[in-house]
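J.: Quick note: the sequence shown uses the UniProt record's numbering, first residue 1, plus one each step.
Rather than coming from a laboratory, the hints here were simulated on the basis of the structure. There may be inaccurate statements among the hints.
As the list claims (entries may be wrong) - Okay, derived cross-link-like pairs now, DSS-like style, lysine-lysine, Cα gap no bigger than 25 Å in a straight line: (1) K367 with K416; (2) K327 with K416; (3) K649 with K602; (4) K288 with K369; (5) K295 with K352; (6) K284 with K347; (7) K327 with K241; (8) K406 with K295; (9) K452 with K327.
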Amino acid sequence: MARRKKSGAGGGIGAVVVGLLVGLLVLLAAIPREIWIGVGVLAAIGVGIYLYLKSKGGAKEVPQEVARPARAVVRPERRAPVAPSPAVSSRAASRLHEDEQPVSVVASPAPATPSFRIPAAPKRFGPGAWISAGEAVEVGGVSIPGGLIYVGTSLPTPSGGNDPCLIDPSKSVASNGDYTERRMGYWPSYSEISSSARRAYLNWLAGGRQDPEADVGYVFIFFYGLERRAILDASKDDAAKADWPVIAAELRRLLDIYGDKSGSFRSYAGSLLDWVSLAEHPEKAYLKPIPSFPKTYELPLYIRVALGQAAVDGVPVPAQLALAWAKLDPTNYLRTPATRCPEEFDKLFVSKYHEIFEQGLALPRNKTKIKLVHRPASAGFRGYTDLTLSFGNTPDVTVLTAPINKLRQVVEAATKELEPFSRYVGRNPDGRHALEGLLQLPATLWPEGAQKALHDLKARMGEGMIAMSFQELLGSLDAKTTLTRDRTLALARALESLNIGIEPDVLGGAKLPKPDEKVVLFAVPPGEAASRSTPSYQAAVLTLDLASAVAAADGEFSVQEMAHLRAQVQSWAHLTPNHVRRLLAHLRLLMTTPVSLTALRKKLEPLDAASKETIAAFMATVAQSDGDVSPTEVKMLEKVYKALGVEPKKVFSDVHAVAAGAKSTATTVAKVEETGFKLDPARIAALQKDTEAVSALLSGIFKEENSPEPVLVEPEPEGDTEATSPGLLGLDEAHSALARLLLSRPEWTKDELGDAAADLDLMVDGAIEALNEAAFDLHDIPFTEGEDVVTVNPELLEKLEA
Numbered sequence: 001m002a003r004r005k006k007s008g009a010g011g012g013i014g015a016v017v018v019g020l021l022v023g024l025l026v027l028l029a030a031i032p033r034e035i036w037i038g039v040g041v042l043a044a045i046g047v048g049i050y051l052y053l054k055s056k057g058g059a060k061e062v063p064q065e066v067a068r069p070a071r072a073v074v075r076p077e078r079r080a081p082v083a084p085s086p087a088v089s090s091r092a093a094s095r096l097h098e099d100e101q102p103v104s105v106v107a108s109p110a111p112a113t114p115s116f117r118i119p120a121a122p123k124r125f126g127p128g129a130w131i132s133a134g135e136a137v138e139v140g141g142v143s144i145p146g147g148l149i150y151v152g153t154s155l156p157t158p159s160g161g162n163d164p165c166l167i168d169p170s171k172s173v174a175s176n177g178d179y180t181e182r183r184m185g186y187w188p189s190y191s192e193i194s195s196s197a198r199r200a201y202l203n204w205l206a207g208g209r210q211d212p213e214a215d216v217g218y219v220f221i222f223f224y225g226l227e228r229r230a231i232l233d234a235s236k237d238d239a240a241k242a243d244w245p246v247i248a249a250e251l252r253r254l255l256d257i258y259g260d261k262s263g264s265f266r267s268y269a270g271s272l273l274d275w276v277s278l279a280e281h282p283e284k285a286y287l288k289p290i291p292s293f294p295k296t297y298e299l300p301l302y303i304r305v306a307l308g309q310a311a312v313d314g315v316p317v318p319a320q321l322a323l324a325w326a327k328l329d330p331t332n333y334l335r336t337p338a339t340r341c342p343e344e345f346d347k348l349f350v351s352k353y354h355e356i357f358e359q360g361l362a363l364p365r366n367k368t369k370i371k372l373v374h375r376p377a378s379a380g381f382r383g384y385t386d387l388t389l390s391f392g393n394t395p396d397v398t399v400l401t402a403p404i405n406k407l408r409q410v411v412e413a414a415t416k417e418l419e420p421f422s423r424y425v426g427r428n429p430d431g432r433h434a435l436e437g438l439l440q441l442p443a444t445l446w447p448e449g450a451q452k453a454l455h456d457l458k459a460r461m462g463e464g465m466i467a468m469s470f471q472e473l474l475g476s477l478d479a480k481t482t483l484t485r486d487r488t489l490a491l492a493r494a495l496e497s498l499n500i501g502i503e504p505d506v507l508g509g510a511k512l513p514k515p516d517e518k519v520v521l522f523a524v525p526p527g528e529a530a531s532r533s534t535p536s537y538q539a540a541v542l543t544l545d546l547a548s549a550v551a552a553a554d555g556e557f558s559v560q561e562m563a564h565l566r567a568q569v570q571s572w573a574h575l576t577p578n579h580v581r582r583l584l585a586h587l588r589l590l591m592t593t594p595v596s597l598t599a600l601r602k603k604l605e606p607l608d609a610a611s612k613e614t615i616a617a618f619m620a621t622v623a624q625s626d627g628d629v630s631p632t633e634v635k636m637l638e639k640v641y642k643a644l645g646v647e648p649k650k651v652f653s654d655v656h657a658v659a660a661g662a663k664s665t666a667t668t669v670a671k672v673e674e675t676g677f678k679l680d681p682a683r684i685a686a687l688q689k690d691t692e693a694v695s696a697l698l699s700g701i702f703k704e705e706n707s708p709e710p711v712l713v714e715p716e717p718e719g720d721t722e723a724t725s726p727g728l729l730g731l732d733e734a735h736s737a738l739a740r741l742l743l744s745r746p747e748w749t750k751d752e753l754g755d756a757a758a759d760l761d762l763m764v765d766g767a768i769e770a771l772n773e774a775a776f777d778l779h780d781i782p783f784t785e786g787e788d789v790v791t792v793n794p795e796l797l798e799k800l801e802a
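All chains, please: the whole structure from these sequences, using the hints.
T.: Structure below.
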């Protein structure tokens, strides 16, 4: 019964299900065909989307391989095999049989715990470090030689910021940068400029900091580092002080390259150069070598201190210090010869300085005192106030106008003497060391090679004389061409300045020697220069010319004749030793190239008979000037008389007349005594009187026939004839000097201004008013501000430096 009941219930349910299915089919069959097509399309799209999403999701589920630290390999410990117990084996076999499918499980050792460490900071990151001179460093892929820079990421300034000079390697650097382009503002900082500007700066450093085309902004960034090292670091670090000489040398190098390009840089760098040169307060700086300085709108402080110390010590200014003062004083203008030929000008200045002032220029002690206040260029100095150097009571003598005016006289004298050489060099730039150019200079200024050639000549000559061809002489001095008359005269003057005489005496009017003709060089002791225009010397030269012409008339100038004439010259007591020395050299020249007797006769023909007899009698007077007339001399006189057209028999009467004290024109014939005559002062006086008469008579007869000399036209001075530069702001000399002094530091007390004005003979209030009016007229700004403490307008200084 129970079973039936159950079976009926199950059949009812089945009938219901069948009915539902039939109804569903009927319903579906009633749906239009178009709807089935749309449903099929939607189903297909859904299946496609499903398959796409499934494939994408599967890809994401694949884990990426991640590099991990290497793990230690854990190997299981090897042990001897152990037989399992029968029970274990039985259970295992039973499970194996029950499961029917074996499962393998591989056990791997647990992964080791990974370890981590913080990487080291890149090189040069951290506190800024000073890179010493000569060291190299790499920043941004650029190798920078030479050092003298700070590199790092932190370099605090007194005000707390980062120093603008610091090269921070953490800052980005562009791949390219042109340091000739302006890419920065007025107070540039390496950390704040653009990446391309940083690259340009690094490129400039890598190139040796020497390209004159570089924008001066990059020079300033580098300068900021020098400024910090020289002042901030040196105030607390002796190692930084030790860098002062290196920094000074670098400043001078930079000023040579960029000083003319930027007045602002020239001013800042010049002030720092003063600081490193004088921070140790050197004593007696006037005795030390003068460092090199560029010329700026004010005299370098080192020169001012050295001059002030000389004034305090009462010591005349040494020549080299005076030269530096004259060349660097902003009120002093050097003309073209001094600037074109600086080495020669320096030597000439020293020579003229000693000529004019002998021991040197003495300086007074004035009231104005020297003080240096450095105006830093770097913004890194904000908050640092100790920028003043004082020098006690050392006076600033450069505010006085009288001393520099005296030096201008020396400058002008040296410049004027240098003008011919300067003109030659201007026309012949490559001929500075050629003899033709050197002859425009005093021989003492000749270069080393030419000086050596002259000293070799003197060594060959010794205390005597040497004969050589004129061409040989020129060749020994490296002459390139045949010398003109003017240059031959210049050569004779140059030799004479070195105590070397030359015959023929071209300075005395003798004919110029040809290249193949002989010349004679002879020693002239210092201080024995003698005038060639004295009648006694001129008459003696005429005597030698006549005697040598007569001696060589027979075609031979014998050794005996030469010895006789030499003894005759040495016996002429009425001549000076230098006259005798030159006459002996002249006689040596006559032996090789005697004067033609025919030529002498032609010159003497215009004279009347009385004049010729006077000359003949004078020759007799000269012959017995030593008190003894030998037979050889008598024969020589007879030849001279014959050459003059005078009866030779008159020789004896003329000689006797001189001996008897009678007139040389007496006709009484007397035989010369064998014992000769004694020399006495009366005879010497008579001889000198006759010499003057004959010299006047023969003036011009024996002068060589040279081509007429051109009329000399005084050449125009080279360059600007003004010896001084225009006054500052159009002011006169005294007010300009005061203005330049005020510009040397930013602040002045009323007392300091009073001392400065007094040194210049100015009233302080009126002088300050004049300065302010001049500044307003030219730049529309005042020169100074304040009363008790007067401040110099920094804007005006920038305008003057520009």
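J.: Take the hints in turn and mark each one as holding or not.
T.: Okay, the hints, checked on the actual structure:
1. With a C-alpha separation of about 36 Å, the suggested pair K367 and K416 falls outside the 25 Å cut-off, and the hint is violated.
2. A C-alpha spacing of about 16 Å is found between K327 and K416, which places the hinted pair at or below 25 Å, so the restraint holds.
3. Between K649 and K602 the alpha-carbon distance is near 23 Å, which keeps this suggested pair within the 25 Å criterion.
4. A threshold of 25 Å between alpha carbons decides the hint, and for K288 with K369 the separation of about 22 Å falls inside it, so the pair holds.
5. At roughly 23 Å between alpha-carbon atoms, K295 and K352 fall within 25 Å of each other, so this suggested pair holds.
6. Distance restraint check for K284 and K347: the Cα-Cα separation of roughly 24 Å lies within the 25 Å cut-off, and the hinted pair is therefore satisfied.
7. Our distance criterion of 25 Å between C-alpha atoms is broken by K327 and K241, whose separation comes to about 30 Å.
8. Only pairs whose Cα atoms come within 25 Å are accepted, and K406 paired with K295 is accepted, the gap being roughly 20 Å.
9. Restraint check: the Cα-Cα separation between K452 and K327 comes to about 30 Å, which exceeds 25 Å; the hinted pair is violated.
Of the numbered hints stated above, those contradicted by the structure are hints 1, 7, 9, listed in ascending order.
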